[in-house]
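> The primary structure of each chain is shown beneath.
Protein chains: 2
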Amino acid sequence: MIEKGIDCGSLIRSMGEAARSAAQVLAGAPSAQKAAALEAAAAAILADRDTILAANAEDMARGAANGLSPAMLDRLKLDPARLEAMAAGVEAVAHLRDPVGRIIDETLRPNGLVLQRVRVPLGVIGIIYESRPNVTADAAALGLMSGNAVILRGGSEAVHSNRALHAAFAAGLVAAGLPADAVQLVPTQDRAAVGAMLRAQGLIDIIIPRGGKGLVARVQDEARVPVLAHLDGINHLYIDGAADPAKAVELAVNAKMRRTGVCGATETILIDRAYGAPLAIVDALVKAGCEVRGDKGVAALSPHVDTASATDWDTEYLDAIVSIAMVDGLAGALAHIDAHSSRHTDAIVTEDAATAEHFLTGVDSAIVMHNASTQFADGGEFGLGAEIGIATGRLHARGPVALEGLTTYKWQVRGTGQVRP
Amino acid sequence: MIEKGIDCGSLIRSMGEAARSAAQVLAGAPSAQKAAALEAAAAAILADRDTILAANAEDMARGAANGLSPAMLDRLKLDPARLEAMAAGVEAVAHLRDPVGRIIDETLRPNGLVLQRVRVPLGVIGIIYESRPNVTADAAALGLMSGNAVILRGGSEAVHSNRALHAAFAAGLVAAGLPADAVQLVPTQDRAAVGAMLRAQGLIDIIIPRGGKGLVARVQDEARVPVLAHLDGINHLYIDGAADPAKAVELAVNAKMRRTGVCGATETILIDRAYGAPLAIVDALVKAGCEVRGDKGVAALSPHVDTASATDWDTEYLDAIVSIAMVDGLAGALAHIDAHSSRHTDAIVTEDAATAEHFLTGVDSAIVMHNASTQFADGGEFGLGAEIGIATGRLHARGPVALEGLTTYKWQVRGTGQVRP
Numbered sequence: 161m162i163e164k165g166i167d168c169g170s171l172i173r174s175m176g177e178a179a180r181s182a183a184q185v186l187a188g189a190p191s192a193q194k195a196a197a198l199e200a201a202a203a204a205i206l207a208d209r210d211t212i213l214a215a216n217a218e219d220m221a222r223g224a225a226n227g228l229s230p231a232m233l234d235r236l237k238l239d240p241a242r243l244e245a246m247a248a249g250v251e252a253v254a255h256l257r258d259p260v261g262r263i264i265d266e267t268l269r270p271n272g273l274v275l276q277r278v279r280v281p282l283g284v285i286g287i288i289y290e291s292r293p294n295v296t297a298d299a300a301a302l303g304l305m306s307g308n309a310v311i312l313r314g315g316s317e318a319v320h321s322n323r324a325l326h327a328a329f330a331a332g333l334v335a336a337g338l339p340a341d342a343v344q345l346v347p348t349q350d351r352a353a354v355g356a357m358l359r360a361q362g363l364i365d366i367i368i369p370r371g372g373k374g375l376v377a378r379v380q381d382e383a384r385v386p387v388l389a390h391l392d393g394i395n396h397l398y399i400d401g402a403a404d405p406a407k408a409v410e411l412a413v414n415a416k417m418r419r420t421g422v423c424g425a426t427e428t429i430l431i432d433r434a435y436g437a438p439l440a441i442v443d444a445l446v447k448a449g450c451e452v453r454g455d456k457g458v459a460a461l462s463p464h465v466d467t468a469s470a471t472d473w474d475t476e477y478l479d480a481i482v483s484i485a486m487v488d489g490l491a492g493a494l495a496h497i498d499a500h501s502s503r504h505t506d507a508i509v510t511e512d513a514a515t516a517e518h519f520l521t522g523v524d525s526a527i528v529m530h531n532a533s534t535q536f537a538d539g540g541e542f543g544l545g546a547e548i549g550i551a552t553g554r555l556h557a558r559g560p561v562a563l564e565g566l567t568t569y570k571w572q573v574r575g576t577g578q579v580r581p
Numbered sequence: 161m162i163e164k165g166i167d168c169g170s171l172i173r174s175m176g177e178a179a180r181s182a183a184q185v186l187a188g189a190p191s192a193q194k195a196a197a198l199e200a201a202a203a204a205i206l207a208d209r210d211t212i213l214a215a216n217a218e219d220m221a222r223g224a225a226n227g228l229s230p231a232m233l234d235r236l237k238l239d240p241a242r243l244e245a246m247a248a249g250v251e252a253v254a255h256l257r258d259p260v261g262r263i264i265d266e267t268l269r270p271n272g273l274v275l276q277r278v279r280v281p282l283g284v285i286g287i288i289y290e291s292r293p294n295v296t297a298d299a300a301a302l303g304l305m306s307g308n309a310v311i312l313r314g315g316s317e318a319v320h321s322n323r324a325l326h327a328a329f330a331a332g333l334v335a336a337g338l339p340a341d342a343v344q345l346v347p348t349q350d351r352a353a354v355g356a357m358l359r360a361q362g363l364i365d366i367i368i369p370r371g372g373k374g375l376v377a378r379v380q381d382e383a384r385v386p387v388l389a390h391l392d393g394i395n396h397l398y399i400d401g402a403a404d405p406a407k408a409v410e411l412a413v414n415a416k417m418r419r420t421g422v423c424g425a426t427e428t429i430l431i432d433r434a435y436g437a438p439l440a441i442v443d444a445l446v447k448a449g450c451e452v453r454g455d456k457g458v459a460a461l462s463p464h465v466d467t468a469s470a471t472d473w474d475t476e477y478l479d480a481i482v483s484i485a486m487v488d489g490l491a492g493a494l495a496h497i498d499a500h501s502s503r504h505t506d507a508i509v510t511e512d513a514a515t516a517e518h519f520l521t522g523v524d525s526a527i528v529m530h531n532a533s534t535q536f537a538d539g540g541e542f543g544l545g546a547e548i549g550i551a552t553g554r555l556h557a558r559g560p561v562a563l564e565g566l567t568t569y570k571w572q573v574r575g576t577g578q579v580r581p
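Listed in order, the protein sequences are those of chains B and E. First residue of the first sequence: 161, per this note's numbering; consecutive thereafter. First residue of the second sequence: 161, per this note's numbering; consecutive thereafter.
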């Protein structure tokens with residue numbers, strides 16, 4: 161064990177030093193060169209299709225033998241259509257506007273000093289993730305386009321898929337004349353490597369965990385490097401007394417059922433008592449295949465509704481299950497959301513503009529919505545081109561994180577010899 | 161010890177819960193109300209002058225008895241002029257532009273959704289600091305004006321001064337109709353209270369340590385709450401071969417000697433061999449009362465120069481001592497800075513615009529300057545009105561942190577019933 165720890169420590173140190181050197185090159189690389197690397201990587205993904213799919217088949221076979229759940233196997237699986245979508249995603253990132261070098265603001269001081277805040281890359285980003293191999297492509301593409309070096313540590317289930325995808329990025333970087341070390345994949349599944357990444361102060365500038373609660377909790381607990389975490393999405397759809405009933409039904413079904421496994425899915429629907437009995441909403445959800453758990457009032461409406469337990473209001477189902485509670489107007493909704501929301505995405509359905517504004521101001525979540533499905537909580541849908549995750553913390557970046565969220569800024573001060581009195 | 165730990169844990173929990181409630185009120189408070197609270201607090205500082213100075217005299221007497229150094233006693237000391245400056249500083253913050261509610265950007269999506277990123281307060285800020293009582297006023301003023309609740313934990317040396325100053329803020333809040341719990345002072349000097357603050361996830365949103373290396377290192381090591389740290393300022397002034405000699409001398413003396421105890425003071429001067437022997441610079445520094453430690457070439461210039469040891473290049477003197485090294489042009493300066501800078505503030509003196517731009521781009525520090533004294537590294541000098549510190553990390557805020565750095569944003573999405581296909 162001690163031997164392993166020492167090996168992982170020096171492994172991560174040498175990877176971190178290589179990443180730092182690569183990051184210095186990337187920080188000064190023009191947008192076109194970074195885009196060329198991504199375009200070459202996308203082309204390599206398509207050209208290496210057979211190799212990547214064969215590697216993925218190996219992971220799938222081992223996963224099936226190890227008894228991975230169908231949901232996990234589905235997340236792991238690549239097929240030609242998914243690979244094409246992945247390559248298209250990498251290409252799309254190459255066409256996003258490069259945030260590096262952008263001037264955030266400029267100030268002329270009375271003493272003649274000119275101050276500019278200029279966007280620069282974060283530096284070296286460590287990504288720790290689980291079974292989905294497309295995180296490899298997303299993280300490499302976003303990290304690289306924003307001028308950062310990335311150190312990827314994927315899950316053991318996807319080890320062959322990740323190696324094959326990583327090779328495409330290494331090829332893309334080299335083709336564009338950039339250092340291959342700008343995108344590195346940790347070559348061991350030893351968990352000590354994760355611990356070494358979490359303690360690599362000075363070598364890794366930020367850790368982004370992507371995965372389930374257990375992974376994120378471990379990262380947050382052990383990390384000495386700053387963490388940009390996305391936690392669970394216990395999202396609410398509040399249907400106000402002034403809601404349009406047709407919109408209410410359509411939004412409830414879409415917010416819950418469009419895809420139940422995404423973090424933007426609604427988990428709890430709150431209904432204003434002034435809206436009246438939500439039988440149409442319950443029926444539409446049941447018809448769409450959703451299990452409904454309601455408070456007493458809702459449970460009394462339909463034989464299809466089970467009574468919710470206290471834990472339901474704090475549960476991220478990520479499944480075709482919804483909890484529904486009646487509340488006393490906006491104040492009741494705000495109190496329930498304040499007590500139970502994970503501060504990811506919460507929405508109101510109402511035709512009353514003033515109530516909507518109170519909700520948008522009063523709910524303290526990364527994303528708040530009026531008359532829109534919580535399923536829109538997604539970097540692509542927000543026009544960011546892609547996302548590396550949806551941050552639920554309050555520091556640095558909040559909500560969908562894409563290129564800008566992977567940068568910081570420096571202050572450039574230009575003078576003519578000013579000294580401070 | 162266990163008893164103490166439990167007490168501090170529940171103390172911080174109840175303070176955190178009170179702060180959270182106050183933060184919810186503050187988040188929705190109009191700018192004018194927050195400004196009124198600060199104006200009332202500034203008035204109370206002046207009105208309570210005698211009480212505050214008496215409390216400070218008690219701290220000073222105890223500090224002298226406990227053998228505090230003259231420098232520490234000077235940091236602790238309040239007098240009528242310093243109190244007036246403090247009150248004026250609080251008033252000045254009341255007149256700064258409130259960042260809360262500011263729209264960062266707006267996007268209209270093809271599906272008709274309108275997205276806005278809107279600035280909101282961070283929430284509850286914990287400030288852990290050492291002997292300077294003016295941190296109490298700065299942190300309370302900036303925290304409050306940016307809509308945050310603050311929990312202050314000052315050093316034991318300043319306990320009476322801090323209590324008296326805190327009372328002025330409590331009075332100001334109440335006078336403006338805001339909750340007094342928006343600014344709380346931890347009532348115990350038990351170090352377990354600091355530990356409890358560092359682990360108060362969910363109650364404290366960010367910890368800002370202000371103090372020496374030991375304090376900041378402890379906070380960074382123990383904290384489970386995100387930390388906005390300012391570390392040491394090992395700052396460089398690089399005098400390029402194309403520097404104007406008169407500017408070079410004036411900037412070197414000012415950057416090092418204007419005030420030697422501030423984090424923006426220059427600690428190392430790098431001189432391009434093409435500039436020639438820097439005897440005039442050495443002489444001016446010696447004449448200004450500075451001890452000069454040079455590399456071999458510099459030490460050979462003058463009997464007043466000692467030879468620097470290897471540790472000098474990594475030392476923040478915060479004193480009238482400077483290290484000087486000769487380097488080979490810009491590349492030599494960049495290499496030295498990359499190896500030794502604490503990434504706080506680094507400056508170049510040159511008349512060559514292209515060299516200056518290469519320096520400003522190539523040096524990866526929070527603040528980079530051309531033909532200006534590093535002593536300008538200060539929120540007030542940057543036009544931010546004040547500062548809570550100069551952040552040397554890469555996440556969230558970098559360089560001087562004032563009102564905007566104490567906010568985050570939320571995404572507000574406005575639709576007309578859009579569902580995601």
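Some hints could be false.
For identical chains, the list gives no copy identity; a pair is met inside one copy or between any two copies.
Straight-line Cα separation of at most 25 Å, SDA-like style, residue types lysine to any residue; simulated pairs [to be verified]:
#, residue 1, residue 2
1, Lys373, Asp341
2, Lys237, Ser170
3, Lys407, Ala470
4, Lys407, Gln193
5, Lys373, Gln361
6, Lys447, Ser502
7, Lys407, Gly188
8, Lys407, Val274
Keep in mind that the hints were calculated from the coordinates and are not lab data.
> Could you run down the list of hints and mark each one as holding or not?
For each hint, the structure was consulted:
In the homo-oligomer, the alpha carbons of lysine 373 and aspartate 341 never lie at most 25 Å apart, since the shortest distance is 30 Å inside one protomer and 33 Å across protomers. In this homomeric assembly, lysine 237 and serine 170 never come within 25 Å of each other (Cα to Cα): the closest approach is 33 Å inside a single copy and 48 Å across copies. Proximity of lysine 407 and alanine 470 under a CA criterion of 25 Å is satisfied in neither setting, with 29 Å inside one chain copy and 71 Å between copies. Neither within a single protomer nor between protomers do lysine 407 and glutamine 193 lie at most 25 Å apart by alpha-carbon distance, with minima of 47 Å and 39 Å respectively.
In the homo-oligomer, the alpha carbons of lysine 373 and glutamine 361 lie at most 25 Å apart both inside one protomer (24 Å) and across protomers (16 Å), since each shortest distance falls under that limit. Taking CA atoms no more than 25 Å apart as the test, lysine 447 paired with serine 502 passes in neither setting, with 28 Å inside one copy and 62 Å between copies. In this assembly of identical chains, the alpha carbons of lysine 407 and glycine 188 never lie at most 25 Å apart, being 49 Å within a copy and 29 Å across copies at closest. Taking the closest pair of Cα atoms, lysine 407 and valine 274 come within 25 Å of each other only across two copies (18 Å); inside a single copy the shortest separation is 52 Å, beyond that limit.
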